[in-house]
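Those protein sequences? They're chains D and X, same order as listed.
Letter by letter, the first sequence follows residues 1 to 204 of this note's numbering.
Letter by letter, the second sequence follows residues 1 to 157 of this note's numbering.
Honestly, the hints are just simulated from the structure, not real lab data.
Quick reminder that beta carbons are idealized off the backbone N, C-alpha and C, glycines included.
Honestly, I wouldn't trust all of these hints.
Stated by the list, open to error - Residues on chain X that point at chain D, a partial pick, calculated with CB under 10 Å: (1) Q49; (2) L51; (3) L54; (4) R66; (5) R68; (6) K148.
Stated by the list, open to error - Covered by chain D, per the in silico footprint, the following chain X stretches (three or more residues, Cβ under 8 Å): (7) 34–48; (8) 56–63.
Unchecked claim - The calculated label-pair distances, taken between Cβ atoms and stated as ranges, are: (9) X/H53 <-> D/S177: 23 to 31 Å; (10) X/E5 <-> D/G97: 38 to 46 Å; (11) D/G97 <-> X/S2: 15 to 23 Å; (12) X/Q24 <-> D/G97: 36 to 44 Å; (13) D/R197 <-> X/R149: 55 to 63 Å; (14) D/E166 <-> X/P58: 43 to 51 Å.
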Amino acid sequence: MILAAAMNPEAFSGAPDAIARMRRGDPDALTAMISRYQHRLYRYLLRLVREPAAADDLFQQTWLRVMEKIGHYDARRNFESWLFSVAHNLAVDSWRGKRGESRLDDANGGDPGEAPGDRLRTGEPDALEQLLDFERGAMLASCMHELPPIHREVLTLRFEEDMKLEDIAEVAGIPLSTVKSRLRRALEGLRTAMDARSPGRKGA
Amino acid sequence: MSEHEAMAGMLALAAAGALDVREQRRLEEHARECPACRRELEIWSAYSQGLRHLPQPPVPARLMERTRARLVQERSAAADRRWDELMLGALVLFAWTVGLTFWFVARIVTGGELVIMGANLVRFGTWSAGSTVLVWLTAAVAALALGKRRRELRRVL
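Same shape as in the complex, but just chain X (with noise of 0.2 Å):
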């Protein structure tokens, strides 16, 4: 590749300020000498200083504003969905802590032998797993509502 070849494959990067200090020094020096290098750099010249002054876009109405509105509208449904957590949370703690008091009560009543269908329910592991199926069941119902709610405000809103 000719030196002459090797800077006009430069040029257009040259009239985007993309080169670097060396081989803008290098290309300065071959237009210099080169009249079709020369003109080539001030058409792309020209191209670049058109890019810098296209016709500017008009910003939409109220952008803005709609972008605030819609901050405003998603902080609200993250803050409630950090509260239906919160809630979930509180309610299935609440559920366990119920659960584990009744257990006490029923062992105290029964004498530690509640036997139905061959299991005795009294005991530790089947009545825990029996709360843990139960305080799960209705967090999932409790999601559902609130997930059912939420859908049809933002349909109302």
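Chain D with its partners taken away, still in its complex shape (with noise of 0.2 Å):
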């Protein structure tokens, strides 16, 4: 129920009164903040790094920056693209520093070669909902894991985090134009890579 109330964005209505408490240094209101978006943060950076003990430590450096940048929050804005932006940008930034890992905006974004178009079939009368199972849900996961840091950004913002696309281009700091087509080279890299796994159910 905690769980369920954390990871739903309309639970939580206190946060522009947590926010100026927090500009006043009070610490209740930042373990709440903390609280309040741990889930979804930590969700958000492991699906970007993979690494659970780089999105560790990127999550405490989210909230360090946060502290620092608070006094110079607009509050018109959405807090929590704002705080994703942040995150983002640590995220970006330790991309920057590491070799052997193209950066994450840099990251391979290419056509998926081919078009949906190009594969209208029909599928098997049970391949939908097997798609929901735990199984499939794990291996959509596994598939997302192999996608490049800019498709898996926009499939979690989009779906995880349900958040508009608006608030994705401002989180990514890429116009509204790039998150679309971003996000449907990512579905199309989705799909491809479950199909390689699963040549004989292709489609779904």
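Since each chain comes alone in its own frame, lean on the hints to assemble the complex.
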């Protein structure tokens, strides 16, 4: 129940008050905000960086940065978008400091090669139901794990965080049109990966 | 590009709720007449539903407590830094004041002339240059000592 409330953006109505108290340095307000966002923020960071230890560290850094910048936060802005954009920027910075993996902004987001229209076909009758069970959920998560970070990011923000496209654009610092194209490519990439794992069950 | 091809390219975004009203209406009209697109839209919708119900990662143990502890530690370190800066500023000011006082005293005692190796040490320019070097050298040594002490404390803690 508590987790469900924490995951539901509508369940938390005291955000403006908590933000005002955070600005005054109230530790209880900070605790409330961390508690409120810990599941979502950690999940977002984990989807983005994939390593639990890195996500853990970035989570802590995000709150350090939030406390550092809270005085400059414009209360008219959506706090969630601002919070996630702080996390996004820190993840980008951490990427820049790493070798071996492409930077978040430069990560391969190329064309999937096959357009959805090329794949129009009739699937198995029970294929859609199968997609919703736990095993398929785990496979979907695993396939998502293989996508470039910029694609993982838009997928988690859109589907798990249920963010509006405008908010995703604000978080990632990209135009709305880029959000749409990334979202489409991410979905197509995900589907290609799913098809590759289940060659006999293409299309769903 | 045919209407079918154009609509097929929008199906994934439709399932993601990322089309505007006009595009959505156009797609719905097409899908009513096109079983292939209707089926494809169902598949994308299944992906959309699947993504909304991915297995949730557990939050690491004591993440909130550790975050709060780190915040406290950072605040304390920041307060230490501010205090050190204040102290160094005060020390430099004090040193300047002492230097200026001694300059007045030295001028009175020496009658305005204390020549060593061809330089009049109680001349304002010479005195202030010497004081500046001395003050900043002292400040640098103090800063280095404070930094070293802090690093040692961090190692212990």
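Hints and how they fare:
no., hint, result
1, Q49, "holds, 6 Å"
2, L51, "holds, 4 Å"
3, L54, "holds, 5 Å"
4, R66, "holds, 7 Å"
5, R68, "holds, 7 Å"
6, K148, "violated, 25 Å"
7, 34–48, "holds (count 10)"
8, 56–63, "holds (count 5)"
9, X/H53 <-> D/S177: 23 to 31 Å, "holds, 28 Å"
10, X/E5 <-> D/G97: 38 to 46 Å, "holds, 43 Å"
11, D/G97 <-> X/S2: 15 to 23 Å, "violated, 48 Å"
12, X/Q24 <-> D/G97: 36 to 44 Å, "holds, 42 Å"
13, D/R197 <-> X/R149: 55 to 63 Å, "holds, 57 Å"
14, D/E166 <-> X/P58: 43 to 51 Å, "violated, 31 Å"
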